[in-house]
Structures are given as structure tokens and as C-alpha cells.
Amino acid sequence: MAIVLQGDPVSKGISIGKCYIIEKGQPIIKKKFIKKEKLSKEVSRFDKAVQITLNQFIILKKNVGNSISKNVSQLLETQIQLTKDKIFLNSIIKNIKNKGFTAEWSIYNEFQNLEKSFDKIDDLYIKQRIDDIKHVVHTILDNLSDKTSQVKTNLKYFKNRIIVANDLTPSDVLLTHESKGLGLISEFGGQSSHSSILTRSLEIPTVVNVKDIQKVVYNDDHIIIDGDKGVVIVNPDNEALKYYKSKQIESLKKKKQLTKVLNKKNTTKNNQRIELMVNLELPQELKIINKTSTDGIGLFRTEYLYTEREDVPSEKEQFLAYKKIVQKIKNKPVIFRTLDIGSDKEVPENIKKGSIARNPALGLRGIRHSLNDETIFINQVKAIMRAGYYGKIKILLPMITNVSEIYTAFNLIEKAKSILKKEKKKFIKNFETGIMIEVPSSAVLANRFAKYVDFFSIGTNDLVQYTLAIDRIDEEVNYLYDPLNSAVLSLIKMTIDAGKKNNISVALCGEMAGDINCTKLLLGMGLRSFSMHPSALPEIKDIILNTDTSNLEKITNKIINCDDLEQKNKLLNYLNNNF
Amino acid sequence: MLEKIVKIENKLGLHARAAAKIVTLSSKYKSKITIFNGKKSADAKSIMKILMLSAPKGTLLKVKASGEDESKAIIELEKLINSKFKEE
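Heads up: the sequence lines are chains A and B, in that order. For what it's worth, my numbering labels the leading residue of the first sequence as 1, then goes sequentially. For what it's worth, my numbering labels the leading residue of the second sequence as 1, then goes sequentially.
Quick caveat, the hints were computed from the structure, so don't treat them as lab data. From the three backbone atoms N, C-alpha and C, an ideal C-beta is built for every residue, glycine too. There's no promise every hint is true.
To be verified - Coverage of chain B stretches by chain A, computed from C-beta distances (three or more under 8 Å per stretch; other residues unrestricted):
no., stretch
1, 20 to 27
2, 38 to 46
3, 58 to 64
Claimed, not checked - Here are the in silico distance ranges between beta carbons for each label pair:
no., chain 1, residue 1, chain 2, residue 2, range
4, A, Lys99, B, Lys72, 33 to 41 Å
5, A, Lys134, B, Lys62, 41 to 49 Å
6, B, Leu60, A, Lys156, 51 to 59 Å
7, B, Lys62, A, Ser44, 52 to 60 Å
8, A, Phe33, B, Lys72, 40 to 48 Å
Required output: the full structure, derived from the provided sequences and hints.
This is how it looks when you write it as C-alpha cells:
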């Protein structure tokens, strides 16, 4: 019998195949020994993982607070004490020291002992507490895990399989990619987690938040993933199989056709050179970009370094991360956007400043956060400039709304330079610095701002939100989210014109850049630089190659000035089909 | 060394939260504190061991404390258990 489940679509595409279930920690733990001289190192590795686990629970408890739920808070207190349990921890350490086990194997061993003891208990309630201990053990194991070593041990399980997990980690996703897994399903997880970003970039069909998936599937069950709709079918009947197989073949055909355009130059039909760049959120995404088609990284988001962790990344850690990216994409620019935290990107505990804003989108976010905490900003800028020594970098400042912010940020960059000089570190002194145009004020004043900066990058997602005063995530108003609204288009046009007039480059890096319906319109408005999600590039490039930009202006202006929605869509269709 | 017999009176017995409270309290004292349920014994500073005592409502437990602050420790523990862990 087929079972159909609905989850959240995270990465498009269709996959059909047998499944492999990751039981957290299970396939990873094997009996292994540690060399004598490395035993004390192993103990401190274990201690560190315990400490991290403890901190995670403590922070969680703090966040939950007594006022919200006394029960949950007390439950977490139990978890904390389980993690602190000296007898438990000491017997694991003893296992490492005396028997030479790895930390993982020692924990597993101790857990098995506990499981046996709890099994003998008659009281059902107490018996079930083994689940609490299991959770603690899994969290410690997770914090112990060295992602690179997991990759090697697991490869063979994933090949040609659809992976089913409780929750996806970025390493699960990478593993699936590297071992040619077919798709990913998880019972939990959200659309904007690191692993979801990664799976989209690697174009692995993925559905998350599929309730009960772990209850209904067994290893080797046949599964269909529909990553477009978020549907998962377990043990499908022939009819469903036939339907999805033909759909799969169709999309593969289309993909194959598109790869042909990738080797051509980025020019329009009338030989106008267009810059095509990609937006990246994680360094691992570098793997997937097509180097011949890409003119650079138009937007490298740096938030990933700051989120999903307890501490703040050091200058050195950032430098090493940025350097790798710059070196990998040599000769082409990487535009680093400084930390843009806040609003939909919730400020993580480690870098939180002040109280939680009542309205985060209008609160301490983007450049405001950076100017509020100079140390974080200076460290980041130092790291970027040091990475610049090994390739080509530009710095992009988010959420600029007035000249004084530009002025203050530039001064801090100069300060960072003089610190680097004093520290005698190698870094690049001359590079371009630009600003995001994502608030109406900066679009309106683009002509004035252009005198201070080297380039503009239009962020349409926020520009639409701030111009139309709607929150994209708010389900009650998001029908008002409209990038084609005349006010939005006018602001984009103003920015492009201001760039032209002052001879600075203007790129567009919001979702509009990757929207096939908007490509010709943006070309008509004078845009010559697009930065988009890597997976959108082939399709956009295909459109650009087939567009003649010489006669677009008239119809573009008609669209910008059209107040009737139906008429506007008609005009847009006409533009997309006839130019 | 001091000893005391106490009776578990709360509905759920020595469940996780109650055990957590015992551990929190015991950890404040330097004395070695052991709790006995028949033949089984548990270090009062280890939540896992206390859980494994498996003491439902009505169980009689023996509490032993030895160390410089043993009398304070045993009095406070008795208070906690007799108050049904301040829950009901």
C-alpha cells in the first residue's frame, strides 16, 4: 500500500529510489581504539563535547524560561543534570583511559549498560527515562562528531539511495552529494537552515518536516520525492511511478539542453555584455558553480559563520574561510557582504545586542548591528581584507539608509587597515566598497550616495518589503508582496540610472535576478549585472542570450507606469515572448 | 555518619524532576550522600543512579550522609522529600 505524506519542499526535483534511514549516531559508532599517547587528547575531546552539550541545554532552558512552560523548563533541568552526572561521565572517561576506546565507543558502551539497567525497572515511567538519557547521549555524540571522518565511513550506504533522517545536518547533505545519493527527507527541519540552503544549491531533491516519516518507512522501501510540491510517496503503485518517471525524464531533458548554453559568452543577441554572478551562502556551494559562465560571486553572505554556534568567530577563523573562497574562484571578484543579521535572519544568542526589537525588520540589523558592535565589524573587515591578498575582493555594506552610516563604516574600514598595518599582516589596501540598495531611502538618494561608494547592489527582497510595508513571512499580508509594483520598479530604475550617471556599477542580487519573468524587464530598465542563486543561472543565461536589448525601453516604461494589474501582466507576457 | 529513613509520598514517586531536585540539593554539600532502596544504592549526586533506584509512591528509603556538613545535608534532604518535592 502506498503512503503519501506532505512536508515542506526545500529543494526542487524528483527522485525515485530505495531509501536508506540514518538512525542518528547508529551507523557511525564502531568499536575503535585510540593510541596510548593520544588518550588524554581523547578525554579532553570528550570533555569539550560535554561542555558544549551542557551549554546548549542551558541556553535552551534560558530561552524557554519558567514563564512559558514550567514543565519544559523542568525537563531541561533534568537533561542538564544528566549531562552533568559525574558517575556517568567518569565511567565513560574510565573506558577511554583504561580500555583505550574512542570517546564515541565509550559513550555507546556506557549507554548500553544503562539501557540494560533501565530495562529491568518495573515502573513504566522511570523505565521511559532512558529516552531522556538517549537524547543527552545523542547530543553529546553529535557534538563530538568530526564531520570529515563521518564522510569517509558512510559513503557506501548513500549511493543511489534516498536518505531519510530525523533532522538533516549539513554533513548529511554533503555526504549525500558526494556519494551520489538521490534525495533527502527529514522528519523535522525548516526551509532556511544551513542544510536546506545547501541541499538547494546542490540540487538534491529534498522535502523536510515530513511528519511520521520515520514511523512508516523501513530500509529499502521504494520512495518518490516530489521536491517541487513537498510530497513524499512511500511504496508507490505503478501508476504513480509511471507519472513521476515521465516527469523526471522531462526535467532531465530540459536540464541537459540548458547546460549547452553554459559554454557560451554572457552576451545578448545584440552583443551586449551582461555580467552574470552568483549568490552564495555557504563555502561548500563553490562546488556547484559553473566557472566559465560565472563572472564572480556577486553576493557572498557571511551569516553562516555566525549562526548555529555558541561563540563568535575569530578574525583568524574568518580569514581562513574567506581565503579559501577567494583562492578557489581566482581572478574573479568575490563580493563579501558584511554581517547582515536581524529581521528574518534572527540574531543568534552569541552576538545579540540590546533587547529584542519589537519589530526586528526595523530594528538593529545589518549595518546598524555592525556599527553598534565595532569589534565584530572590524574583525570581519580585517579578515576580508587579509583574504583579499590572495585574490580579488569587494566589500558590500547591508541596510545603508543614510550618508553618515557610509561615512562611519568607511572610517572603521580605515581603522581596520591601520590595525592590520601595525600587526604586520598581509592584506589588500585597494578594493571596491559598495552598498546594498534595499531600503527606499537609499534608492531615492542613490544619486547622492553614488558619489561616496564604488558600486551598488540592489536587494529586491527587502526593497519590496520596505517599500510596500509588508512582511513576506506574514501569511496574512504576503499576497501584497509584489516585485512588479510600480513603486518598486521605479526605485530600481532610479538606482540603475544613478549608477549610470555617476559611472559606478549596479548589480541586482535579490530573488528578482533569478526570476525568469523579470529578466527581460530588468534588461529593459538598463540592468547589466545580475547575481542569483547558482541553480537559476542556466535558465537566466538562456534568456539573456536570446534577448535583443535595443528595443526594450518603450515597453519597459509602459510596464513601470502601468497601474492596471491585468494590463501589466499582459505587457510583461508580450515582452517576454516577443523581444 | 548519619542515617535517616524517609518515605516517598508523592504521586509519581521518585521521578525525573524529583530526582533532579535531590541532585541539585545534594550537590551543595561536601558530604558523601547515599540513598538506599532495599539492596540498591545510589550516589545522591548522580541523577542516573537515583532514577535507577526506581522508587514509586510509598517506598521507604534510607539516606546516609557522611562528611563535615552531614547533619545539614540530611536535614535538608528529609525536608525536600517530605514536602513531596514541593510539587503537589
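Comparing the hints with the structure gives:
1. 20 to 27: It holds, with 3 qualifying residues against the three required.
2. 38 to 46: Coverage by chain A holds here, the residue count being 3 at a Cβ distance below 8 Å.
3. 58 to 64: It is violated: at least three residues are needed, and the stretch 58 to 64 of chain B offers just 0 whose Cβ sits closer than 8 Å to chain A.
4. A/Lys99 with B/Lys72: 33 to 41 Å: For A/Lys99 and B/Lys72 the Cβ distance comes to about 39 Å; the hint holds.
5. A/Lys134 with B/Lys62: 41 to 49 Å: 30 Å, violated
6. B/Leu60 with A/Lys156: 51 to 59 Å: Holds, at about 56 Å.
7. B/Lys62 with A/Ser44: 52 to 60 Å: 38 Å, violated
8. A/Phe33 with B/Lys72: 40 to 48 Å: With a Cβ separation near 46 Å, A/Phe33 and B/Lys72 satisfy 40 to 48 Å, so the hint holds.
Consistency with the previously given hints fails for numbers 3, 5 and 7, ordered from lowest to highest.
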